[in-house]
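The listed protein sequences correspond, in order, to chains A and B.
Under the working numbering, the first residue of the first sequence is numbered 1, with each subsequent residue one higher.
Under the working numbering, the first residue of the second sequence is numbered 287, with each subsequent residue one higher.
Please keep in mind that the hints were generated in silico from the structure rather than gathered at the bench.
It cannot be assumed that every hint is accurate.
These stretches of chain A come out as covered by chain B in the derived footprint (C-beta under 8 Å, 3 or more residues) [to be verified]:
id	segment
1	29-41
2	44-53
Calculated from the model, a selection of chain A residues having no Cβ within reach of chain B, i.e. all distances over 12 Å [unchecked claim]:
id	residue
3	Pro24
4	Thr112
5	Val128
6	Trp226
7	Thr229
8	Gly244
Where is the CB? At the ideal position from N, CA and C, for every residue including glycine.
Each chain is listed here by its residues.
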Amino acid sequence: MSTITATAAAVHPTVARPAVEARPSFLGILRGEWRKLLSLRSTWWVLGATVVLITGISLAVAASVDAMAADPVTAPTLATTNGAEFVSGGFQIGMLTIAVLGALLITGEYSTGMIHSTFAAVPTRVPVLLAKAIALSVLTAAVAALSIALSYLVTMPQLAEHDLVPALDDARTWQVFGGTVYFLIAAALFSLGVGTLLRSSAGAITVALTVLLLLPGVLAFISLNWVETIARYLPLPASGAFLGGSEDSLSSGGEQLTAATGLLVIAAYALLPLLAGAVVLRRRDA
Amino acid sequence: MIEAHQLTKRYGDKTAVDDISFTIAPGSVTGFLGPNGAGKSTTMRMIMGLDRPTSGTVTVNGMAYARHRAPLREVGALLDAKAVHTGRSARSHLRTMAATHNIPAARVDEVIEMTGLATVARKRVGGFSLGMGQRLGIASAMLGDPRTLILDEPVNGLDPEGVQWVRRLVRSLADEGRTVFLSSHLMSEMAQTADQLLVIGRGRIIAAGPVQQVIDSVSAAAVRVRSPRATELAALLEADGAAVTSSAPGALELRGIDAERVGELACAHGIALHELSPRSASLEEAYMTLTQDAVEYRSDGTATAPTAPKGENR
Numbered sequence: 001m002s003t004i005t006a007t008a009a010a011v012h013p014t015v016a017r018p019a020v021e022a023r024p025s026f027l028g029i030l031r032g033e034w035r036k037l038l039s040l041r042s043t044w045w046v047l048g049a050t051v052v053l054i055t056g057i058s059l060a061v062a063a064s065v066d067a068m069a070a071d072p073v074t075a076p077t078l079a080t081t082n083g084a085e086f087v088s089g090g091f092q093i094g095m096l097t098i099a100v101l102g103a104l105l106i107t108g109e110y111s112t113g114m115i116h117s118t119f120a121a122v123p124t125r126v127p128v129l130l131a132k133a134i135a136l137s138v139l140t141a142a143v144a145a146l147s148i149a150l151s152y153l154v155t156m157p158q159l160a161e162h163d164l165v166p167a168l169d170d171a172r173t174w175q176v177f178g179g180t181v182y183f184l185i186a187a188a189l190f191s192l193g194v195g196t197l198l199r200s201s202a203g204a205i206t207v208a209l210t211v212l213l214l215l216p217g218v219l220a221f222i223s224l225n226w227v228e229t230i231a232r233y234l235p236l237p238a239s240g241a242f243l244g245g246s247e248d249s250l251s252s253g254g255e256q257l258t259a260a261t262g263l264l265v266i267a268a269y270a271l272l273p274l275l276a277g278a279v280v281l282r283r284r285d286a
Numbered sequence: 287m288i289e290a291h292q293l294t295k296r297y298g299d300k301t302a303v304d305d306i307s308f309t310i311a312p313g314s315v316t317g318f319l320g321p322n323g324a325g326k327s328t329t330m331r332m333i334m335g336l337d338r339p340t341s342g343t344v345t346v347n348g349m350a351y352a353r354h355r356a357p358l359r360e361v362g363a364l365l366d367a368k369a370v371h372t373g374r375s376a377r378s379h380l381r382t383m384a385a386t387h388n389i390p391a392a393r394v395d396e397v398i399e400m401t402g403l404a405t406v407a408r409k410r411v412g413g414f415s416l417g418m419g420q421r422l423g424i425a426s427a428m429l430g431d432p433r434t435l436i437l438d439e440p441v442n443g444l445d446p447e448g449v450q451w452v453r454r455l456v457r458s459l460a461d462e463g464r465t466v467f468l469s470s471h472l473m474s475e476m477a478q479t480a481d482q483l484l485v486i487g488r489g490r491i492i493a494a495g496p497v498q499q500v501i502d503s504v505s506a507a508a509v510r511v512r513s514p515r516a517t518e519l520a521a522l523l524e525a526d527g528a529a530v531t532s533s534a535p536g537a538l539e540l541r542g543i544d545a546e547r548v549g550e551l552a553c554a555h556g557i558a559l560h561e562l563s564p565r566s567a568s569l570e571e572a573y574m575t576l577t578q579d580a581v582e583y584r585s586d587g588t589a590t591a592p593t594a595p596k597g598e599n600r
């Protein structure tokens, strides 16, 4: 073993030199999580897909305005609809990809074993989850805003023909745009919370997408009163309370929630799984 | 300094670590030796606060790991080589770890150099060999320049040159006064690397102390004799206090007597000897003696010591 190799033979022990600077802080943990998020290729794939899907779907929705205007049944609806709803028409598909991102943010660490390194660096654990939630929210907000801006631009020619381009000085426009961003952030945090509780990618994505996407459609076929009540409180129908789209929304069976209640229900979906996740995170073996 | 006090971990009705107490002193390399499934990894995870003890306590440098203000400064751990997200580059992984403690990027480059990862630092970890994964694990352990190092099977998957490197590294770290605690299921590896041994089997400590002392304590020297008058000789030797067993006609295994005394007795009685060989137990024999009741998984029927890593680490 006397061969000198360029790699490991060059060990220089860390004798008597100034101590390595190391001062943990929440800001540092947040920077670490931010870096984690951005240093994975899968993040960029998911984000790219989100932008493309939201913009593409809103373009398709806007393209169907011609047909709606020509149809005597839908034409009156069109007259009362704010153009912003067409612009953000692709948000449901965005919810799907963002939910996957939120779940993988934590389950990816469990499946690869990274969680051991993470918790060795931050043994109190909960700050990691908080930092993940913040980093995820910021990134989701940025991607949602970018998607809406792009959608606004690509749908403009089509919507202009029907005088439906959302006015940027209309409060209703910003309610829809802001509500869309809010809902996507909530969907991301919901998945992160579910992922923290379940620790498995497949399990978390299945549960998140079932609650977010599948359940409202499935329950719509059951016309029992209590089922309809539950259905109204599912994320997607509840979002209708502040995103509009009341006529064709899935909760058409009963009266809608008020906008304020809708916002609160969505906040509960975002926060409750996260809080439960924080509690079990502290107690469980990593 | 690592101190465990009546540390116990049960998973359901299976006891992985059973009421163990030990102290790992700074300034030397302590080997944690035991067969697969003996409780080594579980113990190390409890030291790092990753698994919660069912009962008992363990402290590092005076307090529970999680209570240290700058944990990476206190303890660097290699718990499993693949505790890294496979989609991230080695450098990104180290940068994310460093960020939590505001450790400067220069230190990240330093540990990359130190562990010989410079050429692959920007490659994704998913494509790393086990040996490269081990080097990355050691790099992350060194990141905070910690006073205590905990390395679970650090030489697993390393080539001979890498094994040498780890031995030199842990030696120099201990010489600097740090606490070095590393596990292995290979006695031969421990004998070359460690100063102190902590031997664990089925969750219990079965021996502890300086390496040579642990080996001596279990390897009472034996003497093998072959003689045409073996029966007669056996009676003489037993009268002299030796423990005699016979494995084949004309052959005797003796304990509690040395070869010189056997030769003199035989000579005095005119008994011819065809063989007289002192046999000191080998390291592996000593290890097997120590752990023969503590091997959890053994091949059917025969009591073999486990020598091949079977991926107990997750």
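Cross-check of the supplied hints:
For the segment 29-41 of chain A, the stated coverage by chain B holds: 9 residues have a C-beta nearer than 8 Å to a C-beta of that chain, and at least 3 were required. Restraint check on the segment 44-53 of chain A versus chain B: 0 residues with Cβ-Cβ distances below 8 Å, three needed, restraint violated. Distance to chain B contradicts Pro24 (chain A) as a non-interface residue, since its nearest Cβ pair spans about 5 Å, not more than 12 Å. The claim that Thr112 (chain A) lies off the interface is violated: its Cβ sits roughly 5 Å from the closest Cβ of chain B, which falls inside the 12 Å cut-off.
A beta-carbon of chain B comes within 12 Å of the beta-carbon of Val128 (chain A); the shortest separation is about 8 Å. Listed as a non-interface residue, Trp226 (chain A) keeps its Cβ farther than 12 Å from every Cβ of chain B; the least gap is roughly 39 Å. No Cβ of chain B comes within 12 Å of the Cβ of Thr229 (chain A); the nearest lies about 41 Å off, and the non-interface call holds. Consistency note on Gly244 (chain A): stated as away from chain B, and its beta-carbon is indeed over 12 Å from all of that chain's, at 39 Å minimum.
Checked against the numbered hints above, the structure violates hints 2, 3, 4 and 5; every other hint is satisfied.
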